[in-house]
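There are 2 protein chains.
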Amino acid sequence: MAPNLDSYFQTVDDNAEHFIDRLRKAVAIPSISAEDERRQDVVKMGHFLKAQLEGLGAHVEARPLGKQPHKEHLELPPAIIARYPAQKDEKKRTILVYGHYDVQPANLSDGWNTEPFELSIDDKGRMYGRGSTDDKGPVLGWVNVIESHQKAGVDFPVNLLMCFEGMEEYGSEGLDDFIEAEAKPGKFFADADAVCISDNYWLGTEKPCLTYGLRGCNYYSIEISGPGQDLHSGVFGGTAQEPMTDLVRVMGTLVDTNGDIKIPGIKELVAPVTKEESALYKDIAFTMDNLYESLGSQTSIFSDKENTLMGRWRMPSLSLHGIEGAFSAPGAKTVIPAKVIGKFSIRTVPDMQPEKVDELVFKYVKEQHAKLNSKNKINVSLQHSGKWWVASPKHWNFTAAAKAVEKVWKVKPDLTREGGSIPVTLTFEQATGKNVLLLPMGSSTDAAHSINEKLDRRNYIEGTKLLGAYLHYVAEEPMGEANGA
Amino acid sequence: MAPNLDSYFQTVDDNAEHFIDRLRKAVAIPSISAEDERRQDVVKMGHFLKAQLEGLGAHVEARPLGKQPHKEHLELPPAIIARYPAQKDEKKRTILVYGHYDVQPANLSDGWNTEPFELSIDDKGRMYGRGSTDDKGPVLGWVNVIESHQKAGVDFPVNLLMCFEGMEEYGSEGLDDFIEAEAKPGKFFADADAVCISDNYWLGTEKPCLTYGLRGCNYYSIEISGPGQDLHSGVFGGTAQEPMTDLVRVMGTLVDTNGDIKIPGIKELVAPVTKEESALYKDIAFTMDNLYESLGSQTSIFSDKENTLMGRWRMPSLSLHGIEGAFSAPGAKTVIPAKVIGKFSIRTVPDMQPEKVDELVFKYVKEQHAKLNSKNKINVSLQHSGKWWVASPKHWNFTAAAKAVEKVWKVKPDLTREGGSIPVTLTFEQATGKNVLLLPMGSSTDAAHSINEKLDRRNYIEGTKLLGAYLHYVAEEPMGEANGA
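If you're matching them up, the sequences are chains A and B in order.
Counted the way UniProt numbering counts, the first sequence spans residues 1 to 485.
Counted the way UniProt numbering counts, the second sequence spans residues 1 to 485.
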């Protein structure tokens, strides 16, 4: 039975200016988690959010997360956790939603056209401001959903659990342990039946999507060292074996210009693409021009949509990020660096076991260096590893969300993955054991971590409708086994 | 006729403590040319030197060199030029000597064992202090020579022209034009019959040397660019051709671990080694342990002395210095750099024409990139070029210096080259058209640009004797054509 959402939708429309004003107040708080001197603003933003939810009758707690690792003089901003209605209705399902109230750094002088911490709306309804789309708009979307139900007099369809953090843009410090602890029996998140995260973006600008997969990332260092200290290339060039020569030659064997990973065994770890899966890519609303626009060039590996989307989501990739310890400034310096550290990472996909990837990488890198017959020492190590995530888009959490999209946007959503990582996704899945859905509000042109970040008015208002509609559909979606319960 | 130098030598010995005190006063002036806030100390040092020379009756001028390029608020320190005796004796030869009175930066916290700007003498006679060996000791050596002749009542054997600059450690800004102008007929340096520079080091610690060659240096940039801005490797890894991948692959084709330059045609530009030349290397006082000690490791290309010395002095070398625009900090960053600039340089030797080297490098680098079939753009360019220099060690300037060494040190000097560049050498040769001799005072362990720079008391005092003896021998050395006049 499709829920009747007309009066809810009408109330959202009627309150649009009020919701935009709520976003304006939130954007005005420069809650930059990466800047120590802004920590008080991050905390202020957390309390703003707490007050908004309490004003609507939610049960809200500001949970301390302790000292910030490596910056012990700083207290981490609190996790704002909430339950609405304040008293659990045992007859309804419980949906856990996540968002973050901190933002990336921003200065007008970086190239913003407007003050980054003043919401500026242009005549096309583009609402510019740091945090507008990442992630204050979506977080306030949930607040708007609650308020609209109250104003419309529509019964709230689920028990809503909320988890809003203030350190997402600085590695979500302290959050993993907190989520794991609160997912245990009797704790705050224990009753969740499914999880929904609104912190990513549509693939383009016109068509909504549901996201069911993320790539993982294994990040490596290759350290090569020889001389006791940096040398002068005039005095030692031609007499010393240079670590930089070795490193560049080894890094040059990892991947080619077309992204082909040269490490034997890596490709064999990738789950084969089925015909069924292969067919999915054809219909996704994405063009090569979308890619060229976001690249700022036409220097793509593939010239077709299908291979490009699979290259981004479905296949592993290897990127060389840089070299530590070599000369990296502008100008000229005639140094022979004594110790250089090459950095690269592999984006991983199903069914690549991270430990197996490490094993293949270590073996290959050492073999390539051994071939050089160098006296320099090599050490290859893993800096960090985050696993890929993939959910079943046939799960009732997804089918409910798909119905909500069709109701609000009059179109079936694309089922997408992301090439990057949102580590908290896997944390929620593993801690709760429940299905996690990524339900984006913003579009591909929102420039989340860049200058002139924005959220379109349409995406914010229709997105608020969508989040509410999702709760109605997910409340009544059949949970049959075939449906991934 | 060997000059009788006994009373001169005795006077140097008798005044040793006085000369060391002169060096102590000079080291106490932190004349760091690279630090704007020390500019007044550089100027103070120039005037200290001027006063010392004037106190001995020399004609001295402090010549302004204008504003500092790119730092127009700073006046360059003056060139201190002097003539001794103040009135030219037309019957004597004129020798032009060069040195510099500025020093490298130094802070106790860099790891110095003693205050860098206080001369500290240990029980082995090692005189620690910034500038002790580079180049205040040698510069004051010439002052000591004048004073010792006066005190010993020995007739000064030549007309001595002096050129002491205060910007050597910052690229000798302003000096080239000055030297060229003053070498013209009727100008200050016009009468020079030969040039002597004391600003390099013995090859080891026991045996003096005369230096007759320097390698040149061509410094290149390879810029590779593709995307319009830096990209996130999660979103774009596997879909964009990455400039860093191209650069590392191109840089990897330039040279191998054993220093073999892979650019076709480079080796063919090198003057063939004659049997006669080859034989020279055997007798030079140098061991592989000397190399290992200065490398701080045993990661040498060659295991024998002869190839090592030729690799340093006589053969070209190619060093990869680093990459600008890529991630170079500690830690992990998942960036795909949009534009990266690889830096490398080739040390050049006779008969490599710098322009021919450029041509071969540009052609090869572009070919290597073309092989990658990349859509990224490449640009390869020369950052700067300094030509190699080689003088005839059979010239009377050298044979005179060799006799002086044998007189003072009781041993024939090694004839050496240097792997690095001292650009002023070529400037003096080209401006005056005369033979230039490099006559070092310090030894290989003096740590000129490093922490704990020192000059051994023995090298300073015997070195002062050597500079004076050189003036006597060069005054009477036959100038026959066979002798390279």
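Please note: incorrect hints may appear among the correct ones.
Note that identical chains are pooled: a pair holds if it fits in a single copy or bridges any two copies.
To be verified - As a list, the in silico PhoX-like pairs of lysine-lysine whose alpha-carbon atoms are at most 20 angstroms apart:
(1) LYS25 - LYS71
(2) LYS91 - LYS275
(3) LYS91 - LYS371
(4) LYS434 - LYS187
(5) LYS434 - LYS375
(6) LYS25 - LYS44
(7) LYS375 - LYS305
(8) LYS387 - LYS333
(9) LYS151 - LYS356
(10) LYS371 - LYS262
(11) LYS50 - LYS88
(12) LYS262 - LYS366
Rather than coming from a laboratory, the hints here were simulated on the basis of the structure.
Status of the hints after comparison with the structure:
1. LYS25 - LYS71: neither (29 angstroms within a copy, 46 angstroms between copies)
2. LYS91 - LYS275: Neither: 42 angstroms inside a copy, 99 angstroms across copies.
3. LYS91 - LYS371: neither (67 angstroms within a copy, 67 angstroms between copies)
4. LYS434 - LYS187: within (15 angstroms within a copy, 90 angstroms between copies)
5. LYS434 - LYS375: neither (52 angstroms within a copy, 44 angstroms between copies)
6. LYS25 - LYS44: Cα proximity of LYS25 and LYS44: one copy only (12 angstroms, versus 60 angstroms across).
7. LYS375 - LYS305: Cα proximity of LYS375 and LYS305: across copies only (18 angstroms, versus 46 angstroms in one copy).
8. LYS387 - LYS333: Classified as between: cross-chain Cα gap 17 angstroms, same-chain 40 angstroms, threshold 20 angstroms.
9. LYS151 - LYS356: neither (54 angstroms within a copy, 81 angstroms between copies)
10. LYS371 - LYS262: Both. Shortest intra-copy (15 angstroms) and inter-copy (17 angstroms) distances satisfy the 20 angstroms Cα cut-off.
11. LYS50 - LYS88: within (19 angstroms within a copy, 91 angstroms between copies)
12. LYS262 - LYS366: Close inside one copy (14 angstroms), not across copies (23 angstroms); limit 20 angstroms.
In this structure, the hints that do not hold are numbers 1, 2, 3, 5 and 9, in rising order.
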